[in-house]
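Chains as they are written, first to last, in this note's numbering: chain S, 1178 to 1446; chain H, 128 to 337.
Honestly, the hints are just simulated from the structure, not real lab data.
Certain hints may be false.
[As the list claims (entries may be wrong)] With a Cα cut of at most 16 Å, we get these calculated EDC-like pairs of lysine to aspartate or glutamate:
no., chain 1, residue 1, chain 2, residue 2
1, H, Lys258, S, Asp1182
2, S, Lys1252, H, Asp253
3, H, Lys275, S, Glu1421
4, S, Lys1219, S, Glu1421
[What the hints assert, rightly or not] Only part of the chain H face toward chain S is listed, based on derived beta-carbon distances under 7 Å:
no., residue
5, Lys170
6, Gly176
7, Ser181
8, Met224
9, Arg227
10, Val270
11, Leu317
12, Asp322
From the three backbone atoms N, C-alpha and C, an ideal C-beta is built for every residue, glycine too.
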Amino acid sequence: MDKKDKEKQILMELLALSAVEHLSVEDEQQLAQLLLQYPEYKKDDFAKTTALSQIGFYLMDDTANETLPSEIRNKILETYDSPLDEKNTLPGFNFTSLFKTLIKPAYAWSITVMLAIGLSYSMITFKTYENNYRYLPLKRMVLKNTAKDLMNHPWYGKTSDFETIQGHVIWSNDKQRGFITLTGMPINDSSLNQYQIWIVDPIKYLNPVDGGVFDITTSEKEVIIPINPKLPISNARAFAITLEQPGGVVVSSQPLLLTAPKERPKQKI
Amino acid sequence: MELIINNLSIKDNSDSRMGNTSPKVHENLLSKVANGNPEAFEKLINKYGNLIWSIARRYLSNQDEAEDAIQEIFVALWQSAGRFDPNKASEITFISMIARRRLIDNLRKNNKHKVLKSIEDSLSDDVFSQKSNLERNAEISLVVRALKKLDIQDQELLSLSIYQGYSHLEIAKLLNLPLGTVKTKIRRNLMKIRDEIKRVNTRVKNYYHG
């Protein structure tokens, strides 16, 4: 077996493995490298096989008799296209309890102002991982007001197209949560490319960590995007945004568009 | 019209070939969901809710987590519906790929796993009819055939990994097998199934296009 055949075999093995569980950082890096070398292979090559196999096993499983409970079905129905209805809270985020937590004089005025001018959903679509995208302005405000180790940096454009972009990134290592805001970002075509957030944690990781991908559908308003790190972050030092293929990449070879803080992160993205 | 290719039966749904003067309009649920049609979203839940709920219960350790997961899955489906391309994948494949991604992420987030016993004693009419519909899908029936061809231990390994969401390390501990063996077997069997799907699709394509 020559070198190319061996590499392709490893690539197939990693692709098959990635379809059933998350890869280690080293395996992810190796996979990214091999996909660059052999672009005829795609990251999702085994996704269809595993998805169909999952259904196959469901059909073969005589104990798979569960019916979706009607109360859960109704909750799901209510979430469709009714974003700001107070009744439609998703599990884990209760509007009433949030208000009780926040009714302190320092917060009350800001909540009143935001409600008065109208909370709106971020006009974005993005791939969410752990977080759901509802009530982002409030969630961001909660983080700002409760995180003791909050980092807050403005974005700096690294190319002429991005010099006028306004926004900030906030992040808490303790809470492993963060949000970015952006105004004036160019709209992307999600079938061609997506923006990707990177988190620089030089103590823990050799390479910046994937913070999630997102699309921009408007340049007119401020958008809020949650940061979704793929790995635990111990000490975030900087953040960056690049434009990648749909779904993002593990290791970027694209130019930096925005960084926060201003100076270039020490790691190579 | 039904074609039999080496015991694999594929239904040709294009009624126009049969001279039917009232062409069937194939309902593309996902494009309607993407366009903000609440009835379509409800149909989507009715069509796939039981399947996704059943799989979520196997992946996640308790009902609250499964409930969170299924809500996230349907929101993700709503958001991604506009990207569905029926030329690239069937509706069920697209939906289950999105569901799988969310469940694997949830499993990683929650870092716990338990197989739940079914609370139903018998197959409800609703679930029976939905399972029957799934079985009629050509690709799915092909995959079921391919899975049944595997030996029992390989089926078990794949089921624990793909269907029940156990990691390779957990499977190795459960079955008292070396981790390397588990990884190799799962990988090889996945490649077998993938190759089988490709092989049959190529033969069908060649049959149609000479």
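Outcome of the hint check:
no., hint, verdict
1, H:Lys258 x S:Asp1182, "41 Å, violated"
2, S:Lys1252 x H:Asp253, "20 Å, violated"
3, H:Lys275 x S:Glu1421, "40 Å, violated"
4, S:Lys1219 x S:Glu1421, "14 Å, holds"
5, Lys170, "11 Å, violated"
6, Gly176, "4 Å, holds"
7, Ser181, "4 Å, holds"
8, Met224, "4 Å, holds"
9, Arg227, "6 Å, holds"
10, Val270, "4 Å, holds"
11, Leu317, "5 Å, holds"
12, Asp322, "9 Å, violated"
In terms of the numbered hints stated before, the structure departs from hints 1, 2, 3, 5, 12, listed from lowest to highest.
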